[in-house]
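J.: Starting from the given sequences, assemble the full structure and let the hints guide the process.
Now for the letters of each chain:
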Amino acid sequence: MKIHEYQAKALLAARGIAVPQGRVATSPAEAEAAVPPLVEATGVPVVVVKAQIHAGGRGKGRFVEHPDLGGVQVVTDARAGGGRRPDVEAAAARVRALAERMIGGTLVTAQTGPEGKLVQRLYVEQGVDIERELYVSVVLDRSVGRNVVMASTEGGTEIEEVAAGTPEKIVREEVDPAVGLTGFQARRLAFALGLQGEAFARGVAFLTALERAATELDTDMVEVNPLVVTRSGEVLALDAKVSIDQNALFRHPDVLALRDLSEEEPAEVEASEYGLSFIKLDGTIGCLVNGAGLAMSTMDIIQHVGGMPANFLDVGGGATTENVTAAFKIITRDPNVRGIFVNIFGGIMRCDTIANGVVAAVRDVGLRVPLVVRLEGTNVELGREIIEGAGIPGLVSAADMTDGARRIVELTR
Amino acid sequence: MSRFVDVHTRVLVQGLGKAGQFHTDRAIAYGTNMVGAVHPGRGGSHHRFEGASDASGVPGRATRYAVDLPVFDTVREAVAATGANASVIYVPPAGAADAIMEAAEAGIPLIVCITEGIPVQDMVRAKRYLQGRATRLIGPNCPGVITPHQCKIGIMPGYIHRAGRVGVVSRSGTLTYEAVKQLTDVGLGQTTAIGIGGDPVNGTNFIDVLAEFQADPETEAVILIGEIGGSAEEEAAAWIATHMTKPVASFVAGTTAPPGRRMGHAGAIISGGQGTAADKIAALKAAGVVIAPTPTDMAAAVQEAMRRAGVL
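Top line first, the protein sequences correspond to chains A and B. If you read the first sequence in numbering that gives the first Met the number 0, its first letter stands for residue 0, the second for the next number, and so on. If you read the second sequence in numbering that gives the first Met the number 0, its first letter stands for residue 0, the second for the next number, and so on.
No lab work stands behind these hints, which were simulated from the structure alone. Cβ coordinates follow ideal geometry from the N, Cα and C atoms, glycine included. Check the hints yourself; a few may be wrong.
Think about it this way: if two alpha-carbon atoms lie no more than 20 Å apart in a straight line, the pair counts; the simulated SDA-like pairs of lysine to any residue are [as the list claims (entries may be wrong)]: (1) B:K17 / A:R349; (2) B:K126 / A:E215; (3) A:K279 / A:E262.
Over 10 Å on every C-beta distance to chain B, these chain A residues come out as not near it, computed from the model [stated by the list, open to error]: (4) P66; (5) A266; (6) G305; (7) R367; (8) E384; (9) A389.
T.: Written out as structure tokens, the structure is:
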């Protein structure tokens with residue numbers, strides 16, 4: 000599960016990780032009101048206004064409505080300095096003006112796709128006097144089945160680019176789950192990052208706390224990019240990306256409460272309520288399949304015979320009439336869908352059960368596009384009889400997977 | 000030779016919930032030697048299983064079975080009382096990694112964990128716990144392992160299997176069944192079919208299974224069914240190139256999967272351009288593996304690989 004930057008920073012700060020101070024705002028008035036206490040608390044006459052969406056690349060991103068405006072804006076008080084008190088009110092007014100343009104706007108970044116994401120929240124954060132930008136993350140290394148802490152001196156750049164261009168600039172320490180990140184490992188990372196003096200001690204503490212937080216929060220990934228060293232030697236998470244292992248959410252009700260459903264595809268949210276694993280895609284052929292591997296290869300085979308799948312959908316091992324009906328409703332709601340391919344290998348789930356579910360669902364939902372059903376496995380003859388005997392117009396029974404994919408592609412041409 | 004399980008395997012079930020009861024019944028119907036159950040709090044009781052035997056299972060049995068399976072509070076007690084040498088886990092996700100560790104601690108040499116949805120960090124710890132112990136873990140989030148007509152541990156439908164010549168190893172449940180059914184239909188059959196599971200952290204990997212199949216005199220060819228995410232297929236390809244003399248065919252799911260999205264299995268995610276189906280297929284091809292272009296062609300790919308190797 001993805002969460003917003005401001006939520007990630009709050010979770011990390013609660014676990015002893017240094018982050019800049021900031022306040023979240025859902026309206027221009029809140030954004031304006033955030034400035035004076037922030038400037039007062041930090042003594043810094045600079046604030047940064049950051050759009051909160053579940054996607055990276057916000058700084059370089061642009062608003063559809065304001066092509067000149069990026070998703071991260073620095074507001075400095077021009078009259079500050081020279082011993083004068085900063086004009087907080089002027090800065091606050093400028094933050095308000097920015098917020099009026101950003102909130103409700105659509106931000107397009109390299110990660111959002113061309114349709115962009117609606118900005119509903121801003122994070123107003125203290126400005127930071129940056130000396131160096133570094134990179135750290137905690138991710139699972141599947142080849143060893145352990146978390147690794149990765150660090151690089153190339154902060155502010157996508158780590159994939161660093162890995163491709165200068166892999167020697169990435170250092171990593173594998174975490175033994177029995178002991179966590181050890182002191183010597185944290186020091187090795189801090190030395191590799193070129194930290195010195197107070198920044199070294201703070202860096203070691205930061206890395207140790209970050210790995211502990213990752214384990215405690217059951218994260219899929221924690222990425223701090225950039226990790227900054229300020230001119231006064233502070234070590235701060237200037238940005239933070241945290242995603243949480245969905246399977247572990249049952250033991251983190253506080254984290255689950257951070258879920259922002261407006262950031263998720265509505266159909267995917269609805270599907271998850273019915274125990275369906277669903278991902279919306281851009282094609283025209285709706286897929287209803289049991290099993291993740293079979294669902295993926297159903298998408299592949301549709302493409303192999305010249306079609307494009309409209310979705311990935313795994314009804315799981317215990318499909319019922321209720322969740323098959325829900326699946327049909329979700330698939331047919333997509334206006335791009337011109338045909339549906341049901342591909343089932345009945346193992347423990349019997350073909351007659353799924354056939355009854357399909358027939359009931361089709362009757363309930365009302366079929367307006369061609370439907371090809373391929374059944375194989377337990378009670379397959381019974382299942383085919385039910386499908387063929389139901390007298391549903393536009394329904395075709397397929398001999399095998401390839402045959403089914405070919406037929407649905409032909410029918411939707 | 001070891002093919003993980005055979006008629007002598009004595010199996011314990013951990014977790015007698017709805018799924019555990021159902022699949023234990025199916026296993027007994029197949030003829031699997033189920034010797035006991037572990038369900039904390041129900042120790043000292045018996046659970047009755049009865050019904051019609053599965054004709055496709057272990058031969059030479061009565062047409063009906065009636066078994067009173069003893070239930071224990073702990074794996075240690077169950078092992079002491081039954082001499083179990085394998086365990087299958089249907090414990091819900093929150094307790095499944097603990098069940099794995101309990102079975103390992105009790106000295107069970109083969110653990111098959113069916114449970115789907117175990118937190119990754121729980122598996123990280125369980126995998127660490129297994130280090131240095133003489134226990135093999137299969138799964139989690141897998142269909143299990145079967146040697147046709149001898150022993151079925153897991154949730155696969157028994158009747159599609161026939162004893163035969165091909166070893167099947169897969170990260171996906173339903174795709175394993177597709178491959179098995181095709182191999183049965185073309186008359187090649189299976190020596191053993193094993194699902195290693197779709198999770199990012201698992202016990203047994205492709206190479207472990209390939210090594211067993213390479214060493215098993217009855218296995219003449221292998222089909223390896225992979226999917227996007229991680230680098231297990233690439234590692235398997237490297238091992239095949241240097242160690243495998245038997246013909247290998249493969250299918251990799253997810254050619255058209257969009258990057259960064261989780262495709263049902265937690266492990267099936269392409270990130271940062273790594274773990275793509277194209278990379279995996281290229282690596283396997285370079286190792287001399289015959290690739291099935293679609294899942295309908297899996298048995299045909301095995302036949303092609305066997306023909307090339309002169310064993311068909």
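J.: Could you run down the list of hints and mark each one as holding or not?
T.: Right, here's what the structure says about each hint:
no.	hint	verdict
1	B:K17 / A:R349	17 Å, holds
2	B:K126 / A:E215	18 Å, holds
3	A:K279 / A:E262	14 Å, holds
4	P66	26 Å, holds
5	A266	14 Å, holds
6	G305	12 Å, holds
7	R367	26 Å, holds
8	E384	19 Å, holds
9	A389	24 Å, holds
The structure fails none of the hints (numbered hints given earlier).
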